[in-house]
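Chains as they are written, first to last, in the working numbering: chain A, 76 to 885; chain B, 76 to 885.
With the Cβ distance kept under 10 Å, some of the chain A side facing chain B (calculated, not the full set):
| id | residue |
| --- | --- |
| 1 | F208 |
| 2 | S634 |
| 3 | T808 |
| 4 | I862 |
Listed below are the simulated DSS-like cross-link pairs for lysine-lysine, each with C-alpha atoms no more than 27 Å apart in a straight line:
| id | chain 1 | residue 1 | chain 2 | residue 2 |
| --- | --- | --- | --- | --- |
| 5 | B | K116 | A | K804 |
| 6 | A | K802 | A | K770 |
| 7 | B | K636 | A | K802 |
| 8 | A | K116 | B | K804 |
| 9 | B | K802 | B | K770 |
| 10 | A | K636 | B | K804 |
| 11 | A | K495 | A | K351 |
| 12 | A | K636 | B | K802 |
| 13 | B | K351 | B | K495 |
| 14 | A | K804 | B | K636 |
I should point out that these hints are in silico values taken from the structure, not numbers from a laboratory.
This one's a predicted model, so the numbers in the text were calculated from it and none came from an experiment.
Built from N, CA and C at the ideal position, the CB exists for glycine as well.
There are 2 protein chains.
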Amino acid sequence: MVSSSESTSHELATRSSYPLHVVDEWWRAANYLTVGQIYLKTNPLLTAVLAPEHIKPRLLGHWGTSPALNLIYAHLNRIIVQREANVLYVAGPGHGGPAMVANAWLDGTYSELFPNVSQDAEGMAELFRQFSFPGGIPSHASPETPGSIHEGGELGYSLVHAYGAALDNPSLTVACVIGDGEAETGTLAASWHLNKFLNPQTDGVVLPILNLNGYKIANPAVLARIPEDELLALFRGYGYSPRIVSGGFDGEDPMAVHDALAAVLEQAFDDIQSIKRRARSGRSVGRPAWPMIILRTPKGWTGPRFVDGVPVEGTWRAHQVPLAEVRENPEHLALLEAWMHSYSPRELFDREGRPTPTLESIRPRGAKRMSAIPASNGGLLLRDLALPPIENRQVDVSARRGATSEATRVLGHWLADVVKANPDNFRIFGPDETASNRLDGVYEVTAKQWQGSFEPTDEHLDPEGKVIEILSENLVQGLLEGYLLSGRHGLMNSYEAFIHVVDSMFNQHAKWLESSAHVPWRRPVASFTYLLSSHVWRQDHNGFSHQDPGFLNHVVSKSAKVVRVYLPSDANSLLVTAEHCLATRDYVNVIVAGKQPAPTFLSLEEARIHGARGIGIWDWAGTERDGEDVHVVLAAAGDVPTLEAMAAVHLLRQNIPGLRVRFVNVVDLMRLQDPLEHPHGMPNNDFDAIFTTSKPVIFAFHGYPALVHQLAYRRTNHDNIHVRGFKEKGTTTTPFDMLMLNDLDRYRLAMDVIRHVPGLGERYAGLAQHFDDERARHRAFAYEHGIDSPDVLGWGWLDARPGETEEPTG
Amino acid sequence: MVSSSESTSHELATRSSYPLHVVDEWWRAANYLTVGQIYLKTNPLLTAVLAPEHIKPRLLGHWGTSPALNLIYAHLNRIIVQREANVLYVAGPGHGGPAMVANAWLDGTYSELFPNVSQDAEGMAELFRQFSFPGGIPSHASPETPGSIHEGGELGYSLVHAYGAALDNPSLTVACVIGDGEAETGTLAASWHLNKFLNPQTDGVVLPILNLNGYKIANPAVLARIPEDELLALFRGYGYSPRIVSGGFDGEDPMAVHDALAAVLEQAFDDIQSIKRRARSGRSVGRPAWPMIILRTPKGWTGPRFVDGVPVEGTWRAHQVPLAEVRENPEHLALLEAWMHSYSPRELFDREGRPTPTLESIRPRGAKRMSAIPASNGGLLLRDLALPPIENRQVDVSARRGATSEATRVLGHWLADVVKANPDNFRIFGPDETASNRLDGVYEVTAKQWQGSFEPTDEHLDPEGKVIEILSENLVQGLLEGYLLSGRHGLMNSYEAFIHVVDSMFNQHAKWLESSAHVPWRRPVASFTYLLSSHVWRQDHNGFSHQDPGFLNHVVSKSAKVVRVYLPSDANSLLVTAEHCLATRDYVNVIVAGKQPAPTFLSLEEARIHGARGIGIWDWAGTERDGEDVHVVLAAAGDVPTLEAMAAVHLLRQNIPGLRVRFVNVVDLMRLQDPLEHPHGMPNNDFDAIFTTSKPVIFAFHGYPALVHQLAYRRTNHDNIHVRGFKEKGTTTTPFDMLMLNDLDRYRLAMDVIRHVPGLGERYAGLAQHFDDERARHRAFAYEHGIDSPDVLGWGWLDARPGETEEPTG
Ligand SMILES: Cc1ncc(C[n+]2csc(CCOP(=O)(O)OP(=O)(O)O)c2C)c(N)n1
Ligand SMILES: Cc1ncc(C[n+]2csc(CCOP(=O)(O)OP(=O)(O)O)c2C)c(N)n1
Ligand SMILES: [Mg+2]
Ligand SMILES: [Mg+2]
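Full structure from sequences and hints, please.
Structural data, given as structure tokens:
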């Protein structure tokens, strides 16, 4: 990429004079290149009379949104050159992919990154051919699109991505184009309020541009069909200073729109500058009313106005491919030719197909180009996260194995260290649950960033801070995505159940990462790490709606290259896991960990070794002896299941002398999967060694039992694996009753062992019945007293005594 | 339930005089009962001096939100009595469950439905004891809560549920309380615009009441910390007429708030009445500005103001249990006692613990009670859907098996018949995709309902219509939930990939249905039916972000009592499936069906028999002979996989004479699962008969292959089942290239047969290589021409020739 020093002299030269007719030329060029991508296979410059054989056999792409995307790009170029601004362009309607590609080609970036798509007629032909073509490029603003951090296929996330990218980027302006259809989605509708968080001094700026082209796929857009006073009230109500630019209807000369848009943009950037200046000088009082722009132009503007007798420009019919039968219908062909000629390509490209010297000279240079701004390829900017020693925060188990700790609280203190060591590129996001999830140790070193008004009773709220909390999992997720994709680090925390709110956003981010890996010029970014707490086994107080471990199932269906799932068994194991995850790149890490007081089974040293292995035998817990066959494998994944499985071993030790139990703990869930399916998958012989090829395996699992079967079905001993986990039995009750309802309690696990180890069933029928009675006794206790019985609460590994009080939250 | 005629005389009596001090009494009584539920185990009327042993050992529940919920309930009672209004109460902060229960008990409804919780001291003791207690009732406004259609655990859906319930309910007013935290969620933020759809003449009314109590769990709420002019502008911008009631701070007398709230509510209901009157008389011009109320009162109002020296009332600390150590800390105990006495229980309940005659006489009667209104127990109102004969819309395959049809288009015409036959209790919802999913046949009989402004170019838009489209899967989902739970029927359509946007809402609805089944007085409601089209195999034009079949995985993790999944293979099969689903109760049905031209393999008669069976052998497609072992089973689930598997059989017939292939088609996916796990699960011997116990099974599956393994892992022949499906290889390319990328194409399936049938591998190595070459040839063709080769496009079952043109959309 061209260095930014090269750019300065040029920009100074064009600073004062950047006439609007050049903006119009750029716009026409970009529109031409957009239409070319949708329709043309060859004859890119229309040097020959347009004929059916020049046309692609399959017409794909979205024209309707493109002219506005191009218009805004052209005008922002002018602003960038005039003001040496750093602008990141987020195209909400990512289906306008060809528009973004067109501009990147005009910028020169495209040919730099894809040398086969040169900036000449041949390159233009390839540009057209490859679009939405097998083996070519996708139709949306995908990772393959220079300048994009936003695919825009699943609508709704543009504005939250923009805000995420702006955080801690004080010199960046993120121009975010939002479709009026996209604006109807939940996430987008909630995103407007993110101006209550952005700090004018330490963060960048988001300039939302609502593209009121009037239509979605087949319907008018709501915001396009309300009176203008409501529209303006709405955006004032959101706290913005809205400005409307409207025009281009009924054949109005685009120059009028250019005039208006240029003026509004200049005003907006002036206002931004003065807000920033005031903020820097500390004279800023309260939250500024940032500008936002409402651009009302016809959908598919400059496209065919009528086709087959019905209006197209300015209606929903312009959404995709306005002329559908160009190869078969000579009238359509003629319309297309006239349409493309209407841009006067000869004024825009020279004989070799290169953009004219005017276009070439007037554009931003190097890293100022929106298609080449480093924030759009965050890996370029990524600095390694400084990771303070977790040793400082470990739980000491030297006195006794099983020392009580609250795993996430321990983590919170280490996260405070991380925040301190990385003051400008690490953030924590949560949907109003960071304290509830007991990560509030971070407030010892930072605050929750907030630009709303303050009250004397407020705590840990500050205009600047590294934690952002808003009650929307969608916003939390989107902010972190934007923050990571623009080259920083972070973590999201959430209740386990409600993380499903962002299932689809997780999908799209995982797909982005998966696709990015195939784009050579995209540099690795920091992984997206979820910390899920207040999990299924400890939402006993909130009930069924809060009990759902299914995100794990959801996650494992995505590309194995991208997803990692961890179920640390205790606080030290969580520290090791978090330290590992925060150092990774290009993954989605999911960590599930409890917040309630619980035993710490492993020393930090043990946790490190165990964590690196991802799965292992805890010989100190089991009763096996080297060189002898075990009778049964008791395996556990997850903190509560580990505790129950340990308690089950405890029961078995006390009651079945001579039983050789192997105790296995799984931290890294993907170890269970076939190594052909997942890079963490354990080789078959190792798996067979641990789980045996013929002995019963009783598996205590944090989530839905079927997930273990899904992962392990190819393993030799799979038929002998009996999994206990959540079976959708939930309500408000005690923690131990929840376990019993789902047959994951210690007694049931011990009974499973008796049932499945050959010979035990008959000989220990009495013991099994006793365990069943114990379940009844514990249930009766809970039903009578409303809490679990003292022997459950007071259980500890052999000598330890964990599980003191508990304060449910949320 | 008491009949509504009983009520009239009483109401007339109290119409004119319903003094506000009685409202205050009701409010205090409800607050008292709320606090009692959170804290007390015994001593409900505080007849004894409060002692630690009266207190529950575990204090659960959410106090903070409750006083406002109670306040609104009390005032709405007055409105109901004065105006004979029909009001459904939706409590957005469902965590205020005890408040809703308290009011239902005061209403008398609770004791009618749960006779063990009588309306006396004993019943009150049980009311308190059972709350959030093992074996008792959940903490949220769950199905166990009379009057609720909204659990409110996962925040964000109150307003959309309210709008869904109001549709086609012209005499209903839905009062919807929205938490200021909840208002930050995506779905809630988008829901305000639903006033652009509600028809003032034919639909009911939604009265949103934003409860600005200032706080969430641990943070201020955004809307509580913006200036009042922004707040008002925002709601005017949303198109409402907002009114603020504010008070109760710093010890202000509640009577001032009662005065203000009563006046505002009266005004609101006056305005509603006059809007409705104007609408009925046809004099309504355009969309009315419906009233909405902003109620600004302290969080945890009337609770302890300070605890342990820190402010609690009016801060986030009031969110849950304000006094945490009542059993241990005498000061807390004293505070609790003073708090409960502050409501003067002796003025509210007589010695027997019954509400005073004033409270009893003043409340709404029978079905007018918000806790007993039939719309909150929709099954009471449910009328069977009239199902017109699908025969009228069937695709005729008598001439040739494989006649081309677009499955969803065929369905759309039948849905038009359904709309016509059920003009007031059936609706179709879609996120701007109903036409794209080719259900636009419905527009022959109805329109898209719309209250925005109109343009001359609009089509199928009308102030009244049975289709609602808005670009938010969340809103679409929530509207249908509200519509169904209040006793009607409907269907949601969506692109398959983006249905993940509502994963969490599906969860919550499935949990609601699952829990409702255990509540004897809840009557069955119509099932929620998803029609997912534009599916993974035909989003080749839109690319990776649009390709995701994972909703099936998500759905099957929920209770088997509730979920049903269908993959009809063609148009006739889709008709049969849809007819079946729309007649069911209390399920979530997921139907995945294509919209592109495709062969119709089954006659309607065959489709009926096959559909009833859910899985079956297509003997006309396979090459097996009665009484002889088959060599291989080729199974398919989903339309595109069925087509490919048929084409594979075709190849095998032509090239491997004597090979006995059994062809199996699966419509009802849950047939694969163990009958112990799912009621549709096939008995093992039947499964063994179809899939054999030892022969290779090549399974062409619509979704992720792991799902088939997850469902079938217990089956005898599981080790021989080889599944092909989506393996997360997606991009913009041709349909057949998509299949090849994921190894689900006919050639790969045929190669799988050669590989897995013993003996074929060596003898047909040449054929396998030829098939591999064919793949290369097809890919080369696609890469060169941008479309699939004619022999793929033109393939037809033996003599048929389906698969004509295609127009991608979306
Ligand atoms: C979440 C989601 N739902 C549905 C779609 C299908 N879809 C693609 S484009 C479109 C309309 C977009 O309208 P708008 O945002 O106004 O974009 P523009 O008019 O600029 O094309 C829809 C509904 C989608 N892409 N994402
Ligand atoms: C989607 C979702 N995310 C997070 C939570 C956790 N949660 C429970 S209550 C609450 C705060 C609710 O605040 P508000 O809506 O203002 O209710 P109120 O103040 O009336 O209690 C939160 C974040 C939730 N229930 N749902
Ligand atoms: Mg639009
Ligand atoms: Mg609140």
